[in-house]
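Asks: Sequence:
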Amino acid sequence: METINLQNDLNFSFEKLPDTIRLIISKNNEEWACRKEKLKNLISFLEADEMHIFKGRLQLFKSGNKIDIQVKNKKISSISTETFQQALDKLK
Numbered sequence: 086m087e088t089i090n091l092q093n094d095l096n097f098s099f100e101k102l103p104d105t106i107r108l109i110i111s112k113n114n115e116e117w118a119c120r121k122e123k124l125k126n127l128i129s130f131l132e133a134d135e136m137h138i139f140k141g142r143l144q145l146f147k148s149g150n151k152i153d154i155q156v157k158n159k160k161i162s163s164i165s166t167e168t169f170q171q172a173l174d175k176l177k
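In terms of my numbering, the sequence shown is residues 86 to 177.
Just so you know, these hints were derived from the structure itself, not from any lab. Any given hint could be a false lead.
[Stated by the list, open to error] Straight-line alpha carbon distances no greater than 30 Å define the calculated DSS-like cross-link-like pairs of lysine-lysine that follow:
1. K123 to K157
2. K175 to K101
3. K121 to K101
4. K147 to K101
5. K140 to K159
6. K123 to K151
7. K112 to K123
8. K112 to K101
9. K177 to K147
10. K175 to K159
11. K177 to K112
12. K123 to K175
13. K112 to K125
14. K160 to K147
[Claimed, not checked] Cβ-Cβ distance ranges computed for the label pairs, FRET-style:
15. T88 to N150: 19 to 25 Å
16. D153 to D94: 15 to 21 Å
17. N126 to D94: 24 to 30 Å
18. K112 to D134: 29 to 35 Å
19. G149 to P103: 21 to 27 Å
20. Q92 to S148: 28 to 34 Å
21. K159 to D104: 28 to 34 Å
22. K125 to N93: 30 to 36 Å
23. N150 to N114: 26 to 32 Å
24. N93 to L124: 24 to 30 Å
25. Q92 to R142: 18 to 24 Å
26. N90 to N150: 15 to 21 Å
Backbone N, C-alpha and C fix where the C-beta goes; we use that ideal spot for every residue, glycine too.
Between the sequences and the hints, there should be enough to build the whole structure, so can you do that?
Replies: Next up, the structure:
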């Protein structure tokens with residue numbers, strides 16, 4: 086599992102499952118939101134210029150080289166596309 090530390094005691098983790106990647110937002114070491122997605126869809130998301138991925142509790146918005154992370158329609162943090170890419174590369 087790969088983890089990116091965000092602000093305010095939040096973590097963004099990537100767990101490799103047999104056919105998908107599970108993206109997890111944790112708050113104070115408790116799971117707050119998650120989403121399962123195929124690796125190829127996450128790579129396509131990174132390659133697009135501007136894009137939104139996922140509907141529901143956890144959503145990602147990409148603009149340029151920045152990804153905004155939203156939980157329950159509230160922006161909780163941002164990470165660089167490079168950081169996101171590095172986490173995915175470690176799961177291949």
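Asks: Indicate, hint by hint, whether the structure satisfies it.
Replies: How the hints compare with the structure:
{"no.": "1", "hint": "K123 to K157", "verdict": "22 Å, holds"}
{"no.": "2", "hint": "K175 to K101", "verdict": "10 Å, holds"}
{"no.": "3", "hint": "K121 to K101", "verdict": "10 Å, holds"}
{"no.": "4", "hint": "K147 to K101", "verdict": "22 Å, holds"}
{"no.": "5", "hint": "K140 to K159", "verdict": "13 Å, holds"}
{"no.": "6", "hint": "K123 to K151", "verdict": "21 Å, holds"}
{"no.": "7", "hint": "K112 to K123", "verdict": "24 Å, holds"}
{"no.": "8", "hint": "K112 to K101", "verdict": "20 Å, holds"}
{"no.": "9", "hint": "K177 to K147", "verdict": "21 Å, holds"}
{"no.": "10", "hint": "K175 to K159", "verdict": "28 Å, holds"}
{"no.": "11", "hint": "K177 to K112", "verdict": "26 Å, holds"}
{"no.": "12", "hint": "K123 to K175", "verdict": "15 Å, holds"}
{"no.": "13", "hint": "K112 to K125", "verdict": "27 Å, holds"}
{"no.": "14", "hint": "K160 to K147", "verdict": "12 Å, holds"}
{"no.": "15", "hint": "T88 to N150: 19 to 25 Å", "verdict": "21 Å, holds"}
{"no.": "16", "hint": "D153 to D94: 15 to 21 Å", "verdict": "19 Å, holds"}
{"no.": "17", "hint": "N126 to D94: 24 to 30 Å", "verdict": "29 Å, holds"}
{"no.": "18", "hint": "K112 to D134: 29 to 35 Å", "verdict": "31 Å, holds"}
{"no.": "19", "hint": "G149 to P103: 21 to 27 Å", "verdict": "33 Å, violated"}
{"no.": "20", "hint": "Q92 to S148: 28 to 34 Å", "verdict": "19 Å, violated"}
{"no.": "21", "hint": "K159 to D104: 28 to 34 Å", "verdict": "30 Å, holds"}
{"no.": "22", "hint": "K125 to N93: 30 to 36 Å", "verdict": "31 Å, holds"}
{"no.": "23", "hint": "N150 to N114: 26 to 32 Å", "verdict": "29 Å, holds"}
{"no.": "24", "hint": "N93 to L124: 24 to 30 Å", "verdict": "28 Å, holds"}
{"no.": "25", "hint": "Q92 to R142: 18 to 24 Å", "verdict": "19 Å, holds"}
{"no.": "26", "hint": "N90 to N150: 15 to 21 Å", "verdict": "19 Å, holds"}
In summary, the numbered hints that this structure violates are 19, 20.
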